[in-house]
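Using the hints, position chain W against chain R.
Chains as they are written, first to last, in this note's numbering: chain R, 1 to 327; chain W, 1001 to 1343.
All clues given are correct.
Covered by chain W, according to a simulated footprint, are these stretches of chain R (three or more residues, beta-carbon under 8 Å):
1. 48 to 57
2. 73 to 82
3. 272 to 283
Keep in mind the hints are simulated off the structure, nothing from the lab.
Every residue gets a Cβ at the ideal spot worked out from N, C-alpha and C, and that includes glycine.
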Amino acid sequence: MIELTYRDALRQALADAMTEDPDVVVLGEEVGRYGGAYGVTRDLIRDFGPDRVIDTPISEAAIVGAAVGAAMTGLRPVAELMYVDFIGMTMDQLGNQAAKIRYMFGGQTGVPMVLRTQGGTGRSAGAQHSQSLEAYVMHTPGLRLAMPATVADAYHLLRQAIACPDPVVFIEHKALYTMKETVDLAAEPPPWGRAAVRREGGDLVIVSYSRQLYHALEAARRLAERGIEATVIDLRTLNPLDFDTIRERVEAIGRAMVVSEGAMTAGVAAELSARIAEECFDFLEDPVVRVAGEDIPISVSTALEAGSVPGPELIAGTAARMLGGRA
Amino acid sequence: MHVTPGASNSALPALYRTMRRIRSFEERVGELFVRGQTAGSMLHLSIGEEAAAAGVTAAMGPRDTFTTHHRGHGIFLARGADPARMMAEIAGKEAGYCRGKGGSMHIADMGLGHLGANAIVGGGIPAVVGAGLSARHHGTGAISVAFFGDGATGQGILYESMNMAALWGLPVLFVCINNQYGMGTRIDQATANTALHERALAFGLEGATVDGVDVEAVADAARTLADAARAGRPGFLAVTCYRFYGHARKDKSPYRSPEEEAEGRARDPLARARARLLETGLATEAELEALDAAADAEMDATIDFAVAAGEPPLASMFRDVFDPAEPEPEPVRARIDRVLARE
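Chain R with its partners taken away, still in its complex shape (with noise of 0.2 Å):
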């Protein structure tokens, strides 16, 4: 058992990759002499030289682009997008290329690359520096989807998503990497593409994924205090999407809600909510409440920031009510 912070947890995942595998390589923006802009790869091109760890130009789209080629030819690229906002200016290269060559190429050649982002609040950074993109990617079929929420999962996940024969996105979360945990990295992880149940209760389900996690069993904590016991869902990822669990629990349970960080509207809580209102209906009570981020840009302001996004009072305030007589 060691004590690791998000940050450190990603880091020795790379660095543990790297050294059972001379084929992963490193590449992005600042990711070599800097040690990214966040942290996370620092010290890597110490120890892994610079052929390993490259440091690229500003030049998002091309990033992507050459690990799809490098995925094509052998290497085991992990490319780094400093942020999930600028997911845009690799687009084509993401969703015409990397998710479209295996079926396009009618399976002669998978793209076994992943590309590791952080998105989400928390950090005042603005309304192009703080978004929940996820939805761009699951939308698109062809690409996986992790979301790291524990530290645990940080390291697990990344290291799945290395193994992964095809492209992963990985976005973490900025306001989770000075998060520590207690983690024994040799314990068997969970299977790839399973969810995890946080906390167990009879009363509501709640379906979440990274940072809101947090968000979730913080409210589930303060209803328990007022008699409603909540059961937590963590998605750890969200292609593949582990819907037996979330239908198991639902099924048992008879109230849902869904917590995203990202906005409302053609969301990924809207594909949930819908999955389960369509496929558990006759079990539920009330309807499936979306419990997500404001159609609205994020605002530099902190009051503004952390309004535009659920935090535990929406989320506890949301839950009581659904339960109505009890609360």
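The following block gives chain W in isolation, referenced to the frame of chain R:
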């Protein structure tokens, strides 16, 4: 860089044969389209550009990789593709290179180092940067070649890629087949400086422009640049030619005059190579006629093959979205059934 044409006479018969097979193939692609038997609604013929395909691929080694643009039939054929499987792919058939899923604009073959044709202008260019990194990492001695049209010089991804290749000294060659038109827009209507290789010089790449009517000159220029690329000095070759027909098969080119087209088509790389073969005594008229007839017969057979080939099975639709060891995506119909199956 100065390129001296005519230094490789002995290669000319083979270069002519490659070009003749490309033209014959492209004519039959057009025929298949007219007969309504292609799957794709979009077909882009490379007639008039054969010297670029034949000349550059002649400078490539067996381990070299490449990507092409949407007008890439000729390049793939010149690299050794089976024209019957190409035609089947263009017709969207199971026997095609990509099992009918890719078609003309997404044909690829990992075995021949073809990392893919692309329907996004410039979309295939950065992959050669990655392939160059990979070749260097693995010490294969291979180069990776990006083929694209003059239209791609309007895309930022080209410059991002050229910059990386030059910065890192990668074994990469950028080949711009300047057929004068991006769809209906002539090159001088799209950019002020039409000396395209000068852009490469600005990035610190080797660069040259060569006359695409002269396949020997193209081959010589490509060899010089490919050798430099293999030694870690990436380059850019602009091949000047003329797109004989419209942008796509249905385009009658109303944006250009019959006089211009006549002049452009007079600059025919096949006619020039043929004349040179006869003039230098490298081939006789009878030999060339036999070669032409053989190419036509070979390509006629590709149509028969493609027409007779079977459609991909409907169930293959869900295959190859992800690795075959992973579950296939659940069909929408199955999901609807599940939703409606409730009491």
